[in-house]
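*Asks:* Protein sequences, first through last, are from chains A and B. According to my numbering, the first sequence is numbered sequentially starting from 3. According to my numbering, the second sequence is numbered sequentially starting from 143.
Do not take every clue at face value.
So these bits of chain A aren't anywhere near chain B, every CB distance computed over 12 Å [unchecked claim]:
no., residue
1, N4
2, A63
3, L92
4, L97
5, M99
6, F100
Partner residues are not named here, just some residues of chain B that face chain A (Cβ under 10 Å, in silico) [to be verified]:
no., residue
7, R252
8, L256
9, E283
10, V286
11, L299
Over the 12 Å line for every Cβ pair with chain B, so calculated as not near, a few chain A residues [stated by the list, open to error]:
no., residue
12, A53
13, F60
14, G91
15, A95
16, G96
17, L98
18, F101
19, A102
If you are wondering where the hints come from, they were derived from the structure by calculation, not from laboratory data. Glycine residues also receive a C-beta, built at the ideal position from the N, C-alpha and C atoms.
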Amino acid sequence: MNHESWTERILLLEDAPPDPGLAAHLEACAECRRTLAALRAFGSVLRAEPAAARDPAFVRAVMDRIPEEPAPAAWSAALADWLWAPAYGLAFAGLLMFFALPQRRAALDGDGLLALAADSADEPALSELFGVPEEDL
Amino acid sequence: MGSREEFEALVREHHPAVLRLCRSLLGHSGEAEDAAQDTFLKAYKALDSFEGRAKAATWLRRIAANTCTDVLRRRARQKQDSLDAIAEKSAPAAEAILAGNDPAMEALERRDFLDWAFAGLPPEYRAILTLRELEGLSYEEIAVEMNCSLDSVKARLRRARAGIAQKLRHFYAPETVTKGREP
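The following block holds chain A by itself, in its conformation from the complex (with noise of 0.2 Å):
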């Protein structure tokens, strides 16, 4: 095994179980030796972070940037419902009126037309309704 492998088993020495063939090249490579101490000793340094302290002003600063009480989901659901009530009542006689205006338009044409014709020719006479001459009407 070359220099090359043996740094790169150094590299990952720490997370990986031990290993009787690096530590004896250990014994003999100085080189070697400088790297895992170089490595350990910065592990050292990165781990001498110490604790942080529990901090009440801490806490408050996180709180006072957070705001106070966000509106209720079921709160901003109704008002939107409201806002939109408008729109549905609107929107609801548009589609009334889609529907109910061509069945209108089409009893008012042709055969429609005619039938209303009939019916207005069987309907009695005024002056029959009321018993008096045409004239006077």
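Starting from the known structure of chain A, arrange chain B on it as the hints suggest.
*Replies:* Structure of chain B alone, referenced to chain A:
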């Protein structure tokens, strides 16, 4: 979870761990405090997406690591010119720091030393190495927290350590390194 009181309890419980991680990644600065606060604000906004499958600590650590990585990226862009100055200041102190001769190491010194050691490496490498060394997370846990693959975690850890070893190993003369023991 959802009420303000419950969230305040979560902040009270987890803020020391979040602060420690942020300080480790960013140094003892206003930036670290801000990043820790931002972590909780992001968490509050994303409460709906917290499915409870992960522990709250894991979820918060993930947000904190990502928040700090963003800060490191910004810092790297802004301070590119001053890295040389940090190197000049930190390199002489590195020997004492690494030898453990300075247990009362000033926070600023430590931050500068870490900035110098990590200089030139992507911020994600710093986050991953810190999660491994400081938090003792497994590769799998890091992969979840950094949202990357297991292979990516291994590769980044290896590259981070290689870069740092390259920078630091010359502080160790071969004859001063005891065989089979830590310095």
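*Asks:* Work down the list of hints and note, for each, if the structure agrees.
*Replies:* Hints, one by one, checked against the model:
A cut-off of 12 Å between C-beta atoms confirms that N4 of chain A is not in contact with chain B; the least separation is 16 Å. With 12 Å as the threshold on Cβ separation, the claim that A63 of chain A sits away from chain B is violated: the shortest Cβ distance comes to roughly 6 Å. Under the 12 Å C-beta cut-off, the non-interface status given to L92 of chain A relative to chain B holds; the minimum distance is some 34 Å. With 12 Å as the threshold on Cβ separation, the claim that L97 of chain A sits away from chain B holds: the shortest Cβ distance comes to roughly 36 Å.
Annotated as non-interface, M99 of chain A keeps its C-beta farther than 12 Å from every C-beta of chain B; the closest such distance is 42 Å. Separation of F100 of chain A from chain B is adequate, the least Cβ-Cβ distance of about 41 Å exceeding the 12 Å criterion. A distance limit of 10 Å between C-beta atoms decides the matter here; for R252 of chain B the minimum to chain A is near 7 Å, and the interface restraint holds. Against a cut-off of 10 Å between C-beta atoms, the interface hint on L256 of chain B holds, since the closest Cβ of chain A lies about 7 Å away.
Interface restraint check for E283 of chain B: the shortest CB-CB distance to chain A comes to about 12 Å, outside 10 Å, so the restraint is violated. Taking 10 Å as the C-beta cut-off, the interface hint given for V286 of chain B is violated, the closest approach to chain A being about 16 Å. For L299 of chain B, the suggested interface contact is upheld, since its CB lies about 7 Å from the closest CB of chain A, less than 10 Å. Not every C-beta of chain B lies more than 12 Å from that of A53 of chain A, the closest at about 6 Å, which undercuts listing it as non-interface.
Distance check on F60 of chain A: its Cβ comes as close as 5 Å (rounded) to a Cβ of chain B, failing to clear the 12 Å threshold; non-interface status is violated. Residue-level check passed: G91 of chain A sits 33 Å from the nearest beta carbon of chain B, beyond 12 Å. Against chain B, the non-interface label of A95 of chain A holds: every CB pair exceeds 12 Å, the least being about 38 Å. Look at G96 of chain A: its CB is around 37 Å from the nearest CB on chain B, clear of 12 Å, so calling it non-interface holds up.
Against chain B, the non-interface label of L98 of chain A holds: every CB pair exceeds 12 Å, the least being about 40 Å. For F101 of chain A, the non-interface assignment is confirmed: its Cβ lies about 42 Å from the closest Cβ of chain B, beyond the 12 Å cut-off. Listed as outside the interface, A102 of chain A is consistent with that label: its C-beta sits roughly 45 Å from the nearest C-beta of chain B, beyond the 12 Å cut-off.
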